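Participant: Position chain H relative to chain A; hints supplied.
Same order as they appear, the protein sequences are chains A and H. Counting from 1, one number per residue, gives the positions in the first sequence under UniProt numbering. Counting from 1, one number per residue, gives the positions in the second sequence under UniProt numbering.
Don't read these hints as lab results, they were simulated from the structure. Some clues are possibly wrong.
Because identical chains share one entry, a pair is satisfied inside a single copy or across any pair of copies.
As the list claims (entries may be wrong) - With a Cα cut of at most 30 angstroms, we get these calculated DSSO-like pairs of lysine-lysine:
hint: 1; residue 1: K61; residue 2: K150
hint: 2; residue 1: K71; residue 2: K108
hint: 3; residue 1: K113; residue 2: K179
hint: 4; residue 1: K201; residue 2: K54
hint: 5; residue 1: K108; residue 2: K204
hint: 6; residue 1: K204; residue 2: K193
hint: 7; residue 1: K127; residue 2: K200
hint: 8; residue 1: K201; residue 2: K108
hint: 9; residue 1: K179; residue 2: K71
hint: 10; residue 1: K54; residue 2: K150
hint: 11; residue 1: K71; residue 2: K150
hint: 12; residue 1: K51; residue 2: K200
hint: 13; residue 1: K51; residue 2: K201
hint: 14; residue 1: K204; residue 2: K71
hint: 15; residue 1: K179; residue 2: K204
hint: 16; residue 1: K54; residue 2: K200
hint: 17; residue 1: K71; residue 2: K201
hint: 18; residue 1: K179; residue 2: K150
hint: 19; residue 1: K108; residue 2: K150
hint: 20; residue 1: K51; residue 2: K193
hint: 21; residue 1: K193; residue 2: K54
These figures come from a predicted structure and were not determined experimentally.
Number of protein chains: 2
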Amino acid sequence: MTNFSSDCRGFEKSYHAIDLSSFGIREGISEVIVSTGFENPNAAPIGVITKGGKPFVRLFKGSHTWTNVAKERYLASNVVYDPLLFVRSTFFDLELSEFEYVPAGGLKFPILKEAVAWVVFECVNVKNTDQALIAELVPVEAGFNEEHRKDLPVPNRGFNAVLEATVHATRYQLTGEEKYLEWIRHYETLASKCGSDEEKKAMKLLYEVLGI
Amino acid sequence: MTNFSSDCRGFEKSYHAIDLSSFGIREGISEVIVSTGFENPNAAPIGVITKGGKPFVRLFKGSHTWTNVAKERYLASNVVYDPLLFVRSTFFDLELSEFEYVPAGGLKFPILKEAVAWVVFECVNVKNTDQALIAELVPVEAGFNEEHRKDLPVPNRGFNAVLEATVHATRYQLTGEEKYLEWIRHYETLASKCGSDEEKKAMKLLYEVLGI
Chain A
1 MTNFSSDCRG FEKSYHAIDL SSFGIREGIS EVIVSTGFEN PNAAPIGVIT KGGKPFVRLF
61 KGSHTWTNVA KERYLASNVV YDPLLFVRST FFDLELSEFE YVPAGGLKFP ILKEAVAWVV
121 FECVNVKNTD QALIAELVPV EAGFNEEHRK DLPVPNRGFN AVLEATVHAT RYQLTGEEKY
181 LEWIRHYETL ASKCGSDEEK KAMKLLYEVL GI
Chain H
1 MTNFSSDCRG FEKSYHAIDL SSFGIREGIS EVIVSTGFEN PNAAPIGVIT KGGKPFVRLF
61 KGSHTWTNVA KERYLASNVV YDPLLFVRST FFDLELSEFE YVPAGGLKFP ILKEAVAWVV
121 FECVNVKNTD QALIAELVPV EAGFNEEHRK DLPVPNRGFN AVLEATVHAT RYQLTGEEKY
181 LEWIRHYETL ASKCGSDEEK KAMKLLYEVL GI
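Chain A on its own, in the form it takes in the complex:
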């Protein structure tokens, strides 16, 4: 069982009461898995962009994440160090059993059991463009999963290579351009050389998805 400790005491908490960097939302683009959907839980890798301490997201139209956020205006960031979960959540629906529910917005919101830390955000000042939805994020709840904090993360070029390969794989699926396959093959070599078995499994799945 997971063992979540929430640092939250209520929904009236002010914006600044949650120290986002303690929960892995930091300046620049934090590559997290975003969970959404009070009704239909979904998870997908998203970069949460933070500029001057203010987090926001850009969600492309048509994705499950976009559908859920457009309707419900909530999302959760999940800090995850498991490369296979990044690949799986990019290309497949996760199992319902992989979600845990936490209080948010007066209801129960899905986060990932595998998350080391999570923040539920309300999406405000939502703007829609032809291609995307842009929303500012106001944190309403946050917590850690102490069980998953035990292993200290360390920079690993193999893990990083899986992330890059995943980005290039989605672009390859959209465009079919050969140059993305070249990137992916480069990163497969790196994941194989520098990664653990987890990185190798993740790249194997990614190759299967692309049929290469």
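Facilitator: For chain H alone, kept in the frame of chain A given last:
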């Protein structure tokens, strides 16, 4: 001041008493900054390779790290999330004030104040080849710096790009091959897009070092 908590109670501690993954030494290649030198403290990024739970290093001849380890048979892994420190320790000597001393081998061994976690290793079964020294690593002391654990690390493609650029920069310095500059320019774009100010400063320094 730093606030180190050591989990060690003596030098007779057995190999398995230190849970290396808690201190950031994990399967695959852990990209840490290695500090060495009871007499002449030095720091440089090194990949600690772990296979089947057994960590080892390959140190190229001629480096300060190689000189210190060949003579003293000790090194410390320092888990660091600061991109500028990776670049600085690749190309420059760090200030003496950036080291902290911890007990190891009956003496005081230098680790980095900026380390989130550190492990002092004794180097055993040392083998010398024409180009390198290969040593198995036996942990003798380990600790955390709680102050630096506050900010939770999150995957950031900008940080990862700085690591890759640093690897390619050392290869460029060795060979002068243009292809490495192309990689570096690619990663500069990524660090600029996805990183925080720290990643941008790190890439700026790397560009200055290479004179590009």
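Participant: Hint by hint, say whether it matches the structure.
Facilitator: These are the hints, each one checked on the structure:
Taking the shortest alpha-carbon separations for K61 and K150, neither the intra-copy value of 37 angstroms nor the inter-copy value of 36 angstroms comes in at or below 30 angstroms. In the homo-oligomer, the alpha carbons of K71 and K108 lie at most 30 angstroms apart inside one protomer (16 angstroms), although the nearest pairing across protomers, at 60 angstroms, exceeds that limit. For a Cα distance limit of 30 angstroms, the shortest separation of K113 from K179 qualifies neither inside one copy, at 36 angstroms, nor across copies, at 43 angstroms. Only between protomers do K201 and K54 lie at most 30 angstroms apart by alpha-carbon distance; the minimum there is 21 angstroms, versus 35 angstroms within a single protomer.
Taking the shortest Cα distances, K108 and K204 never come within 30 angstroms of each other, neither inside one copy (35 angstroms) nor across copies (45 angstroms). For the homomeric pair K204 and K193, the shortest alpha-carbon distances inside one copy (14 angstroms) and between copies (28 angstroms) are both at most 30 angstroms. With identical chains, the CA atoms of K127 and K200 are at most 30 angstroms apart between copies only, with a shortest distance of 29 angstroms across copies and 39 angstroms within one. Taking the shortest Cα distances, K201 and K108 never come within 30 angstroms of each other, neither inside one copy (33 angstroms) nor across copies (42 angstroms).
Neither within a single protomer nor between protomers do K179 and K71 lie at most 30 angstroms apart by alpha-carbon distance, with minima of 36 angstroms and 48 angstroms respectively. In this homomeric assembly, K54 and K150 come within 30 angstroms of each other (Cα to Cα) both inside a single copy, at 29 angstroms, and across copies, at 19 angstroms. Proximity of K71 and K150 under a CA criterion of 30 angstroms is satisfied in neither setting, with 36 angstroms inside one chain copy and 35 angstroms between copies. Taking the shortest alpha-carbon separations for K51 and K200, only the inter-copy value of 14 angstroms comes in at or below 30 angstroms, while the best intra-copy value is 34 angstroms.
When the C-alpha separation of K51 and K201 is checked against a cutoff of 30 angstroms, the pair qualifies only between copies, where the shortest distance is 16 angstroms, while the shortest distance within a copy is 34 angstroms. In the homo-oligomer, the alpha carbons of K204 and K71 never lie at most 30 angstroms apart, since the shortest distance is 35 angstroms inside one protomer and 43 angstroms across protomers. Taking CA atoms no more than 30 angstroms apart as the test, K179 paired with K204 passes in both settings, with 19 angstroms inside one copy and 28 angstroms between copies. In this assembly of identical chains, K54 and K200 lie within 30 angstroms of each other by CA distance solely across copies; the values are 19 angstroms between and 35 angstroms within a copy.
In this homomeric assembly, K71 and K201 never come within 30 angstroms of each other (Cα to Cα): the closest approach is 35 angstroms inside a single copy and 40 angstroms across copies. In the homo-oligomer, the alpha carbons of K179 and K150 never lie at most 30 angstroms apart, since the shortest distance is 39 angstroms inside one protomer and 40 angstroms across protomers. Taking identical chains as interchangeable, the C-alpha atoms of K108 and K150 lie at most 30 angstroms apart whether they share a chain (27 angstroms) or sit on different chains (27 angstroms). When the C-alpha separation of K51 and K193 is checked against a cutoff of 30 angstroms, the pair qualifies only between copies, where the shortest distance is 12 angstroms, while the shortest distance within a copy is 34 angstroms.
Taking the shortest Cα distances, K193 and K54 sit within 30 angstroms of each other only across copies (16 angstroms), while inside one copy they are farther apart (37 angstroms).
Of the numbered hints listed earlier, those contradicted by the structure are 1, 3, 5, 8, 9, 11, 14, 17, 18.
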